Amino acid sequence: MLESIAVSFSHIFTVKVILMIIAGLFGGLIAGALPGLTATMAVALLVPFTFTMSPTEGLIVLGAIYMACIYGGAFSAILVNTPGTPSSIGTTFDGFPMAKKGEGERAILIATFSSAYGGIIGVIFLLFLSPPLASVALKFGPPEYFWMAVFGITIISSLASKNVLKGFIGGAIGLLISTIGIAPIGGDVRFTGGFPQLQGGIELIVALIGFFCIPEALTMISNRTQKFHLTEAKHKGGILLKTFFAVMKRQGNLLRSSILGTIVGILPGAGGSVANLVAYNEALRVSKTPEKFGTGTADGIIATEASNNAVVGGGMIPLVTLGIPGAPPDAVIYGVLLLHGLRPGPELFTTHSEVVYTFIMSLFVATLLMIPVGVIAGRVLHRTVVRLPIRFLAPIIFFLTIIGSYSIRNNITDVYIMLTLGIIGYVLKRLDFHPGPITLGLILGPIGEMGFVQALLMGQILPNKWMIFFINPLSWMLIAMSLLSLCWPLFMKRFSKRWKIKEMTVDES
Amino acid sequence: MKADRIASITFIAVALLFWPQTGDLQYNCSIFPRLLIIFLFLLSAGLLVQTFLVGSHATASFLPTNLPYIIPSVIVAFFWIFLLDILGFIVSSVMCLTALTFFLDLQKPTCKRTISSIVVYSLMLFFFWLIFHRFLLVPLPTGYLI
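Chains P and R are the protein sequences, given in the same order.
Our numbering numbers the first residue of the first sequence as 1 and each following residue consecutively.
Our numbering numbers the first residue of the second sequence as 510 and each following residue consecutively.
Among the clues, some could well be false.
Pairs of lysine-lysine, DSS-like flavour, derived with a Cα cap of 25 angstroms [said to hold, decoys possible]: (1) R:511 <-> P:429; (2) P:242 <-> P:100; (3) R:511 <-> P:162; (4) P:236 <-> P:249; (5) P:429 <-> P:162; (6) P:227 <-> R:617; (7) P:227 <-> R:621; (8) P:465 <-> P:139; (9) P:429 <-> P:292.
Hints were generated in silico from the structure; no laboratory data involved.
Fair warning: this is a prediction, and the values are worked out from it, not measured in the lab.
Using the sequences plus the hints, can you model the full thing?
Shown next as structure tokens:
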């Protein structure tokens, strides 16, 4: 193994390959920062450009694009409150409030360092722990996927701490929207209202753009008397190093979020969109100052960004060991491996070890190079957005939403749906129904339904089919986690009240 | 509080609207949405009760304060989507981007400012079109013009 790693470095550290990685990183950053252009789309679009390259070079470029795309989503999440990719939904919760306070550059730097940290942890897991972790992922059956979705939904109790009921209503709306179209099992057409265009369902990215971007653009329009969207940042000397050390001090959050991201990445079908919210919830749960979450705390950004980049390495684990893609971009990379005559699976490490190790190590190098590339791109983008007057920024956001939602399926109906959902999202936002729980429902709906119905079908061999949800110890573990996640904010409220009373009595005495 | 009550009643109505549509579906296709509808109904009913018992948490009013600017902007956005398939990506986008910028401008629009907006947007869109449509082969809306 060490020999293969040494050989892989000799392949990577050439001027040509380093330049290719940097080009891939820039391309990925731009794609990630544009709402609507997902990592899957960016990787898939650039596959034809790798045909002329060797298998190793092609994989290196695609790996760099994938890594940077997931990170690039944080830029728009921080600067315009719009996640560039579904993996950055959680970054909007604290990144945008921080940017509003004039600390946008700091928020981008926190995202950069956390993403690099998460990316590296994911790659380390991929390198050393692939076989045992992949075997754990195989133990996840439909009931466990259903409970995982339930666990994901319980995160709402933390996300919507102001009014949990409204949060869960938002989640239910998102889940219900995810059932529109053809049923995944059975194939019946549901809730289309007679519109054949809705048979394919509502695309997640389209809904995401609608629920996040349009309300933000409309809010800007309603605040048109302000000249700029964000507060002009005061330039602070040494912000780069200060932020780096501040992020590195939070080792607990970084490690926990990165490990969570890797584990969620291993599970096929989950991906960064789930990982970032799970990590945010755990960071909030563990925090000594949970009330600061949502107001622009560094811990919120660290949790989401470290976890979503750890998904890149995590998702590759079942791909290279079992031939099962962990996330949609991994499926594209799976195709590229097949195109070059490499069959993903256990024998890949023995038959083509040089290619595999070079690819893994290139992800490591790309993650490190992401720091300078991200710092430069982040500063330029931050200054541009901060200085762009609302009369230009709001129309440009409209433009990006229209093009982003069109380019997913080249369908104009998707654009109409996006705008309609955006208007609904704006009204809901004014009523304190935030887009986070709605999009969480949209993400977890298909995973939950598939797991639920498949489990019920499996349960028909049992005397009571519903027992299928309680047979596996893994299910019990997920149920316990769900209950804990659901009740945690209530515990915290009660305990914090008691603590406050105690503090007051101590002060008085 | 009134806004929360209207919202909860609307969600109850949504649940009641969705429920009959699950009637003709097979068991495997209807079981999950039915559970969700029940879930939505119960939560909305809970919110309705909450508005009577403990008051509302809503901080904002139902309608935004700057409606005379929001409604025309939304209309322009819908018109933009409609024009995409007719005039094409660049022409419709330049027209609608300029219209929105003109509309949101706090200063009195001058001929010079309008022309400079058109030029900047045309260049930006042409560059965008070149990279995405010509170089990356991403399909963009096409119409009778470009």
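>> To test your reading of the hints: which numbers does this structure violate?
In response: Of the numbered hints, all hold.
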